[in-house]
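J.: Residue numbers (the working numbering), protein chains in the order written: chain A, 1 to 298; chain B, 1 to 129.
Just so you know, these hints were derived from the structure itself, not from any lab. One thing to keep in mind: the hints can contain errors.
[Stated by the list, open to error] Computed spacing ranges between beta-carbons, pair by pair:
{"id": "1", "chain 1": "A", "residue 1": "Ala4", "chain 2": "B", "residue 2": "Ala8", "range": "50 to 56 Å"}
{"id": "2", "chain 1": "B", "residue 1": "Ala13", "chain 2": "A", "residue 2": "Gly259", "range": "21 to 27 Å"}
{"id": "3", "chain 1": "B", "residue 1": "Glu60", "chain 2": "A", "residue 2": "Arg18", "range": "35 to 41 Å"}
{"id": "4", "chain 1": "B", "residue 1": "Arg24", "chain 2": "A", "residue 2": "Asp109", "range": "19 to 25 Å"}
{"id": "5", "chain 1": "A", "residue 1": "Asp23", "chain 2": "B", "residue 2": "Asp111", "range": "27 to 33 Å"}
{"id": "6", "chain 1": "A", "residue 1": "Gly10", "chain 2": "B", "residue 2": "Glu110", "range": "32 to 38 Å"}
{"id": "7", "chain 1": "B", "residue 1": "Ala8", "chain 2": "A", "residue 2": "Arg71", "range": "37 to 43 Å"}
{"id": "8", "chain 1": "B", "residue 1": "Asp109", "chain 2": "A", "residue 2": "Gly259", "range": "43 to 49 Å"}
{"id": "9", "chain 1": "B", "residue 1": "Arg104", "chain 2": "A", "residue 2": "Pro163", "range": "18 to 24 Å"}
{"id": "10", "chain 1": "A", "residue 1": "Arg18", "chain 2": "B", "residue 2": "Asp111", "range": "49 to 55 Å"}
{"id": "11", "chain 1": "A", "residue 1": "Gly10", "chain 2": "B", "residue 2": "Ala8", "range": "34 to 40 Å"}
{"id": "12", "chain 1": "A", "residue 1": "Arg17", "chain 2": "B", "residue 2": "Ala69", "range": "30 to 36 Å"}
Cβ atoms here follow ideal geometry from the backbone N, Cα and C, with glycine treated the same way.
As a plain string of letters, each chain reads:
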Amino acid sequence: MSEAAIETVGLGKRYQRRWALEDCTFRIPRGHVVGLVGPNGAGKSTLLNLAAGLLAPSAGSIKVLGEQPARDAAQLARVGFVPQDAALYGWLSIEGHLRLGEHCNPQWDAKAAHARLAELGLSTRQRAGKLSGGQRAQLSLTIALAKCPELLLLDEPVASLDPLARREFLGLLMSTVAGRDVSIVLSSHLVSDIERVCDYLIVLVDSRVRVAGEIEELLAGHHRLIGLRQPGVAAPANQTVIAARETDRQRMLVVRSDGPVVETGWEIESINLEDLVLAYMGEGAARQAQLPTTQAAP
Amino acid sequence: MIEFYLDAKSGVAPYLQLVHQVRRALKLGALRAGDQLPTVREVVTRIAINPNTVFKAYRELEHEGLVAARAGVGTFVTATTSDDVIATLVPIRHDLEQWLVRARAAGLDEDSIEALFRDTFRSERYVAS
């Protein structure tokens with residue numbers, strides 16, 4: 001169990017000239033529910049597809065559950081993947097989907113899948129094409145879970161769902177986490193959802209990982225500092241500036257704290273997850289923020 | 001039985017919100033000794049939160065002596081809000097009141113008092129951790 005859920009070293013993926021993912025090195029321990037956030041085109045889907053073994057890296061390496069993704073049938077069976085558009089066959093009945101899944105997977109929990117569909121009030125005779133968005137998402141998740149995967153990858157699973165369907169989908173996902181040992185990585189734009197269900201965060205911006213870690217630790221280790229703007233006065237010691245905003249008088253910083261703020265004249269506030277994510281996403285703010293810290297170096 | 005909810009805008013950590021809701025239910029008598037709390041699985045399915053959040057809340061309540069976990073069965077209320085807890089709060093509150101009087105006498109307004117408390121609380125936590 002010591003191997004990581006996902007471990008990458010210098011991972012990169014290039015589509016022709018453009019790098020969709022570049023120089024990613026991180027390690028996600030097992031047993032977490034990981035939220036993957038970032039602007040559109042930041043590389044979230046690329047990262048998930050690499051982890052699922054649907055893409056091969058252009059640079060560096062990725063290990064999933066200690067092995068190369070999609071190396072063999074046994075590795076594939078350990079990983080479940082729910083792609084963005086809930087890949088289902090419209091003309092095929094729910095029963096057909098379950099039989100297909102059973103046929104393709106050595107381990108298949110048909111009983112649990114049927115129980116779940118009954119709970120959702122879905123008749124197995126219905127065709128997938130006739131289902132609502134929420135039902136399609138639930139079916140796609142049910143199929144992925146019936147594989148009994150050790151790692152479940154979900155690409156924007158709730159993006160197209162209404163609030164009620166979203167809540168039910170995430171509720172089902174969390175009941176799975178409560179029931180057995182499974183690691184989950186899901187990408188989402190909705191920080192409020194991530195805040196509820198995830199305990200680990202990865203922020204991807206411009207094809208690179210900006211920050212990764214346990215959410216509780218990230219929230220405890222970041223602060224908002226508000227102080228007067230004074231020429232030549234840098235950010236306090238022990239604080240790494242992530243984002244900075246200035247008016248002619250005031251400075252507002254979002255910092256990563258490696259120790260307490262000892263200087264006076266700063267008001268210190270805790271930060272919520274949404275502001276933390278936004279601080280890492282705002283690239284302009286980050287570059288501007290480099291200035292004061294470098295000036296501060298003696 | 002208690003029905004949990006989560007207020008995303010409150011800024012209070014989710015596990016603490018659950019703790020507060022149990023404490024309040026105890027105070028109001030909605031939960032009594034012997035009552036079972038919903039299982040972790042029930043809570044996470046219903047309000048779609050990470051199981052660890054519920055575990056953490058239940059651990060905290062256990063730590064306070066309000067509930068006890070019975071292996072394989074569930075988590076049960078052991079005490080209605082204990083008089084002991086209230087008894088320890090009284091002198092601490094008294095000290096705080098005296099401190100507030102001194103802070104006001106020194107000319108601090110509400111906001112400054114709050115800011116001072118928060119800063120001190122936070123830097124003390126750094127030292128403690």
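J.: Which hint numbers doesn't this structure obey?
T.: Failing hints, ascending: 1, 3, 4, 5, 6, 8, 9 and 12.
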